[in-house]
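Student: Below are the chains, spelled out letter by letter.
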Amino acid sequence: MSISSQSLLDGIIPEDYFSFDSILAEQQKIACVFKKSMFGLGFLDPSNQNENLVSGSKMELPLWMASYLANKEFVACELPKPYQETSRNILLADSSVVDLFKQVMYFYETGTKLIKIPHPECPHVSVSLVKTFVGRFKKIMDSSQNCRNQDLGNMCQKLDVEEKRLFEINRLSVELLDKWERRESNIIAPSNLVVQSRKRKRDQVF
Amino acid sequence: MFGEKAVSLVKELHRCPPEQLHPVNEDLMRQVFAEMTALFEANKSDIEVNDDNKMIPSIHLRHSALEHNRRCVLAYLKQRLNKITQFRWDHGAVLPEEIQVNMQEHEKQWFNKYNKSLANYMLSLNGLDITQNTVPPKSLKIQVRCLQDYGELETDSGDIIMLTVNSEHYLPLSECEHLIKQGVLQHMGS
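Line by line, the protein sequences give chains A and B.
Heads up: the first sequence runs through residues 9 to 214, numbered per my numbering.
Heads up: the second sequence runs through residues 140 to 329, numbered per my numbering.
Here chain A stands alone, though its shape is the one from the complex (with noise of 0.2 Å):
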């Protein structure tokens, strides 16, 4: 049972401000170029030797404060690998054969993030992500529900945090199917925390 804050706050801050997942999603670097100059913050690049960031430098960004900077014009971003246009003909070619956890991790929420700063391409980068994850779903839904006896290693790794989440959903949902078939939906388990909680004594004990 998770408690949802979402009605208190709605409005005032993002749904998502507390979520780990897009925290870590907009760790996503991005090269980014100055459009102002920025003083007395030249230590924030190694390789500058400039106490000053003058504009006109390039430098890498985490997405959070590259997308905060591109909407206020002080920088201007460029998009990284994986969504550029060489790398969306890939995943419009087939999606299903690209290792996106490899890419980026969390390439869903990193995407969704990313079409809000102000690009030229941004479009297509938005038409490619939805064109991505229709061609791969139907693949994540068979293999995790159909495949129970098969090694899906291989397959997994390839998927993105997301994906890797719907999986589990789907094979937990056919587990628990399978449970009520053998009319073993009705027997009181212990809760998971406990179990793994005890698992974990026993292993100091030896």
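Rather than coming from a laboratory, the hints here were simulated on the basis of the structure.
Any given hint could turn out to be false.
What the hints assert, rightly or not - With a cut-off of at most 20 Å between alpha-carbon atoms, the simulated SDA-like pairs for lysine to any residue come out as follows:
no., chain 1, residue 1, chain 2, residue 2
1, B, Lys-277, A, Leu-185
2, B, Lys-217, A, Ser-30
3, B, Lys-144, A, Glu-68
4, B, Lys-144, A, Gln-35
5, B, Lys-193, B, Asn-182
6, A, Lys-124, B, Glu-206
7, B, Lys-252, B, Pro-235
8, A, Lys-187, B, Lys-277
Given the structure is predicted, the values throughout are model-derived calculations rather than measurements.
Got chain A; can you put chain B on it based on the hints?
Tutor: Same frame as chain A, but now just chain B:
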């Protein structure tokens, strides 16, 4: 880069398995606060000496870092509270010792308040225990086996039952469900 310590705080809790609660990383938290104070002071002095608008981009950059740090720390604390809430539903009103030692004083206070408001709410429903009957019951009494030496259990009817390892009992569901959840008893399928 600014904000890296705050993110490592988040990452640390993100890696922590759901059934555990690590102690608050106060050292790292203090470092984040120190960074935030430094950012704030730098912005303040920049605003005071500012004669034209040349400092504005730098101030904005530091401000975004400040906001990001605040978000990470708040998310960290919130996630801990979410975990503690989950513990209340799984372990009952009294948490195991190994979880309690890692809770901060404020979190203990919060937990007590949460307990109280949950109890008040259940009282307003004529004493219905909403943490029970999470599975629709098939019968009033169920067969259970005891997995550990628990001690005496006094039932609502006044009988005292000795719960010892491997003993089997036929008990009313309402009285043993929380013991099953805690892993003291095992529900034997009919």
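Student: Hints first: check each against the structure and report whether it holds.
Tutor: Verification of the supplied hints:
no.	hint	verdict
1	B:Lys-277 / A:Leu-185	holds, 18 Å
2	B:Lys-217 / A:Ser-30	holds, 14 Å
3	B:Lys-144 / A:Glu-68	holds, 18 Å
4	B:Lys-144 / A:Gln-35	holds, 12 Å
5	B:Lys-193 / B:Asn-182	holds, 13 Å
6	A:Lys-124 / B:Glu-206	holds, 18 Å
7	B:Lys-252 / B:Pro-235	holds, 18 Å
8	A:Lys-187 / B:Lys-277	holds, 16 Å
When each numbered hint is compared with the structure, no violation occurs for any of them.
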